[in-house]
Amino acid sequence: AQTVTQSQPEMSVQEAETVTLSCTYDTSESNYYLFWYKQPPSRQMILVIRQEAYKQQNATENRFSVNFQKAAKSFSLKISDSQLGDTAMYFCAFMKPQGGSEKLVFGKGTKLTVNP
Amino acid sequence: NAGVTQTPKFQVLKTGQSMTLQCAQDMNHEYMSWYRQDPGMGLRLIHYSVGAGITDQGEVPNGYNVSRSTTEDFPLRLLSAAPSQTSVYFCASSYSRGAYEKLFFGSGTQLSVL
Chain A
67 AQTVTQSQPE MSVQEAETVT LSCTYDTSES NYYLFWYKQP PSRQMILVIR QEAYKQQNAT
127 ENRFSVNFQK AAKSFSLKIS DSQLGDTAMY FCAFMKPQGG SEKLVFGKGT KLTVNP
Chain B
66 NAGVTQTPKF QVLKTGQSMT LQCAQDMNHE YMSWYRQDPG MGLRLIHYSV GAGITDQGEV
126 PNGYNVSRST TEDFPLRLLS AAPSQTSVYF CASSYSRGAY EKLFFGSGTQ LSVL
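Chains as they are written, first to last, in this note's numbering: chain A, 67 to 182; chain B, 66 to 179.
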C-alpha cells in the first residue's frame with residue numbers, strides 16, 4: 067500500500083519569506099499523481115498544486131511550486147513571498163491510476179503559520 | 066454553482082444512535098467520496114463511488130454505509146454510532162472517474178459521539 071509521509075508537523079515563516087514543506091511517498095508504481103492541498107482555519111480543503119509523475123517539469127502555480135524528485139520519491143512544496151493568508155494545514159497526497167477506482171492517500175499534514 | 070454541499074455542519078450523537086450525513090453536488094461529477102479527518106491522522110478514505118449505483122470501500126469503511134442512487138447525492142450512514150467515530154467528515158467529488166483532476170470538497174461535518 068502506498069504511504070505518504072510529511073515529516074514536519076508544524077512550521078512557521080515570516081511574512082514575505084520563502085518556506086518549503088517536505089513530503090515523501092512510498093510506491094512501486096511508475097505512473098501516478100501527486101497533490102498538495104491547503105486547509106485554512108475555515109476547514110475548506112483547497113487544491114494548491116498537482117504533479118503528474120510522467121512529467122519531468124516541476125509544476126508551478128503563482129507563488130507555489132514543487133520540487134519533484136521521482137527517484138528519491140520526494141515532492142516538496144515551496145511557497146514564495148509568504149502571505150498571512152497562507153496560514154493553514156497543508157496536506158500532501160498520492161494517487162495511482164486504477165482504472166476508475168482511484169483512491170487519494172493523504173499524509174498527516176503540516177501546520178504552517180505565517181507571522182507578520 | 067453551489068459546488069459540494071454537506072449537511073449538517075455539526076452533529077452530536079449518543080452511542081448507538083444512527084444518522085445520515087448528506088452530500089450533494091451540482092457539477093455532474095461522476096466521482097464522489099467520503100473522508101474522515103482525525104487529529105494527527107490526515108484524511109482517510111471511507112467509501113467512494115465512481116457513478117450512480119456503484120460504490121466501493123476505502124481505507125476505513127467499518128461502521129459506515131453508503132449508496133449512490135443519483136449522480137448528485139452520496140449520503141453516508143452511521144449504523145450504530147460509536148465514540149471512535151467522533152471526527153470531521155468531508156465529502157469530495159471530481160469530474161473524472163478517478164481523482165486525476167481536482168477534488169472539490171464540501172465544508173465538512175463535525176460529528177461528536179458521546
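Calculated directly from the structure, the hints in this document are not laboratory data. Note that CB positions come from ideal geometry on N, CA and C, so glycine has one too. Do not take every clue at face value.
[As the list claims (entries may be wrong)] Distance condition first, Cα-Cα at most 25 Å in a straight line; then the derived DSS-like pairs of lysine-lysine:
hint: 1; chain 1: A; residue 1: Lys121; chain 2: A; residue 2: Lys136
hint: 2; chain 1: B; residue 1: Lys167; chain 2: A; residue 2: Lys174
hint: 3; chain 1: A; residue 1: Lys174; chain 2: A; residue 2: Lys136
hint: 4; chain 1: A; residue 1: Lys174; chain 2: B; residue 2: Lys74
[Claimed, not checked] Computed footprint of chain A on chain B; a stretch qualifies when at least three of its residues, placed anywhere within it, have a C-beta under 8 Å from a C-beta of chain A:
hint: 5; stretch: 81-89
hint: 6; stretch: 169-178
Status of the hints after comparison with the structure:
1. A:Lys121 <-> A:Lys136: 10 Å, holds
2. B:Lys167 <-> A:Lys174: The hint holds at about 19 Å.
3. A:Lys174 <-> A:Lys136: With a Cα-Cα distance of about 21 Å, the restraint between A:Lys174 and A:Lys136 holds, given a limit of 25 Å.
4. A:Lys174 <-> B:Lys74: 23 Å, holds
5. 81-89: With 0 residues closer than 8 Å to chain A, the stretch 81-89 of chain B misses the three-residue bar; violated.
6. 169-178: With 3 residues close enough to chain A, the hint holds.
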